[in-house]
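Chain by chain, the residues:
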Amino acid sequence: MIRDVVVLGSGPAGLTAAVYSARANLHPLVVEGEPSSTSDQPGGQLMLTTEVENYPGFAQGILGPELMERFRAQALRFGAEFLTARATAVDLSHRPFGIWTSATAAAGQAAPEVEARTLIVATGARSLMLGIPGEDRLFGHGVSTCATCDGFFFRGQEIAVVGGGDSALEEALFLSRFATKVTVVHRRKELRASKIMQDRAFANDKIAFRWDTVVTEVLGDGKLRGLAVRNVTTGEEAELAVSGLFVAIGHEPNTSLFAGQLELLDNGYIKTHDGTRTSVEGVLACGDVQDDAYRQAVTAAGSGCMAAIDAERFLEAHGGP
Amino acid sequence: MGSRMTTLSDATFDEHVQGADTPVLVDFWAEWCGPCKLISPVLEEIAEEQSGKIQVAKVNIDENLDVTRRYEVMSIPTLILFKEGEAVARIVGARGKAQLLQEISAYL
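Chains as they are written, first to last, in the numbering used here: chain F, 1 to 321; chain U, 1 to 108.
Okay, chain U solo, but in the shape it has when bound (with noise of 0.2 Å):
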């Protein structure tokens, strides 16, 4: 199964988050946080169900620590929603669809 999640780097990222089209919902993530496990699926479903209105990517902050560092991150899973290329809103810590949904709709 495709996912629809793009994966950023510290390279890609200014430019996709800047040339973006619509909002753009970054995961800050790495592989030994269960948090992070858990939202994946919530997130999968978010970029699926609202895809055209919302695009989310991830960033793997053990790869990418200067984008990591840039935007602060010290508590993952972290959310950043950008829009265009300006970080609008700020989630810590994981959460459940619905209310994900919520705390994001003020920006779509």
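One chain only, chain F, in its complex shape (with noise of 0.2 Å):
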């Protein structure tokens, strides 16, 4: 089947593209993702936020997963259709762009799931881990990728936060409410988080700062019981004694996929030029895969719609829909 809009992912970005190509009556197809505990879940980065302050038009600010909630409602009114699948593969090089999925791997069909006139590219960006020992091996019993669903198992006891941008300091106060203190742990000696960020961090009599410090290794045997730390400038090693490690050390766009068939910058993220045009005609990027610079939910939903725009023009300019 040959769509004319196939939007991957659905965060800010690829569901303003929806929302904006549904009204435009492109009928996209949206492939969603997959559910999983990690921001690379239908919904995105925001579906482990808990609440957001600066979406404009929430006064009162809005859950984060309550946000996405009603911005796929918004698309899903306006005939937008959705595969909760994963895009495994794409092939750019000529059009229809084909796309293959999870569920078409799941089928064992060798054909693309879909084909697509113009491909809208959305797929977000991922947290990293550490990648250090212990990581890996203690996942579910101590470190965790979501602070929303695992804060409450951590009431009473002491837990470390690792990063120093505007997540680690919202997962910070968020578990300061479990927690009977919460350990900042940043490799540099201040913070890169916005000022009222860090005003309510300071603020917070449960949180504490390590800094200039890194985190070698994950302790525990079943369970964590404390981290290797390291003192950068000092070089002084040490253990700190906690039973949850969060980690919220920034971000890497979602770029595997297109690899050798997109022009990315050194740093992985898709090139875009004019609006949301990629290297290959027809093939428009937006939100946080290609934006190394904002990263926030009103930017990514403002080149979601840049993108739709930009889909229905080359359209038009290629015999119309």
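It is worth saying that the hints were derived from the structure and are not from the lab.
Check the hints yourself; a few may be wrong.
Simulated restraints on C-beta separations [as the list claims (entries may be wrong)]:
| no. | chain 1 | residue 1 | chain 2 | residue 2 | range |
| --- | --- | --- | --- | --- | --- |
| 1 | F | GLY319 | U | THR22 | 53 to 61 Å |
| 2 | U | ASP21 | F | GLN296 | 35 to 43 Å |
| 3 | F | GLN74 | U | ARG70 | 37 to 45 Å |
Residues on chain F that point at chain U, a partial pick, calculated with CB under 8 Å [to be verified]:
| no. | residue |
| --- | --- |
| 4 | PRO35 |
| 5 | SER37 |
| 6 | GLN41 |
| 7 | SER102 |
| 8 | GLY142 |
| 9 | CYS146 |
| 10 | THR148 |
| 11 | ASP150 |
| 12 | PHE152 |
| 13 | PHE153 |
| 14 | TRP211 |
| 15 | GLU252 |
List of simulated lysine-lysine pairs, DSSO-like, C-alpha gap at most 27 Å [unchecked claim]:
| no. | chain 1 | residue 1 | chain 2 | residue 2 |
| --- | --- | --- | --- | --- |
| 16 | U | LYS58 | U | LYS37 |
| 17 | U | LYS58 | F | LYS223 |
| 18 | U | LYS83 | U | LYS37 |
| 19 | U | LYS83 | F | LYS223 |
| 20 | F | LYS206 | F | LYS195 |
| 21 | F | LYS206 | F | LYS189 |
Even glycine gets a Cβ: it sits at the ideal position worked out from N, Cα and C.
With the hints as a guide, dock the two chains, each given alone in a separate frame, to form the complex.
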């Protein structure tokens, strides 16, 4: 089946692209991803956040998952279709583009699941893990990728959050509702987070900071019992006794699917020009997958709108939908 | 629409899991857990399609701390597969349907 518009990804960028292209009668198919406990899931990174306070229009704030539910409902209302699967391969060498998904693979099918006259790439970015010994082994036994899911289990305990940006402080503040002490471990001596988040974290007496420090190993047998840490200026090594570890050290774009087919920047993000155009005509990119500067829900949504308009114009210039 | 998933509690857990004539996949979840909500329809489908081969049950961890502690659940969703009352497999974190089925298929 050949579609006018296929959207890969279902965060703010992908769903805004779906709303706009559905309202333009382009009947978009959204390949929305599969359930997971990382940000790589339908709805994207906001599914793991609590209160979103800076999305315009929500004066009292809104929960991340609820905001994404509303985005999705709005896209459905105008006729967007959803496929709950992960894109596993694309062929961008000729139009229509071929897209294979985890659903295709499960059915043992060789032909692409769907073909697209225009493809909107909104696959976003995923959280980086530390990649240190013990991290995988103790996943689910003290190491967590989802503070909103697992904060509950650390009631009355001491835990650590690694990172120095807004996400790290948001997690630390959220977790301070449960834990008796949250130590923010950061490799520099100042935070990258916004002023308002810093003020809140510094004012919270359950939150402590360990500056110039990196975690070198996650310790524990069946269960996390501490972290091996090293001060990067003095070289001094120590053990931090905590029973939980939450990692918020940044993101990398989900672009491995497009390697060798779309031009990428050195840092792995998709290179765009003239709005959301990529190096392949008819392929548009929006949201965090092409944004290494702003990475906000509202900028992602804005670029999703641009991608839908760019797709519509491309279709018009190439003989109409 | 009726659910094929059984709701278990601290009080009913042992009897149900030990007395089942098929393996039981137990979903430890909570209302406030986003990924738990995402896999709920996946588990419904598995319960429906694998009916007779496997039962699917859920435990609300907020209300059933005894079972939750006994199985050392520290992250949700956690799925534990019980066969003849014994925990034989444990899956931490949400998954898509195909991968979930693949991970439990060896025990069915």
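Please list, smallest to largest, the hint numbers that this structure does not respect. When the structure is compared with the hints, numbers 2, 14, 15 turn out to be violated.
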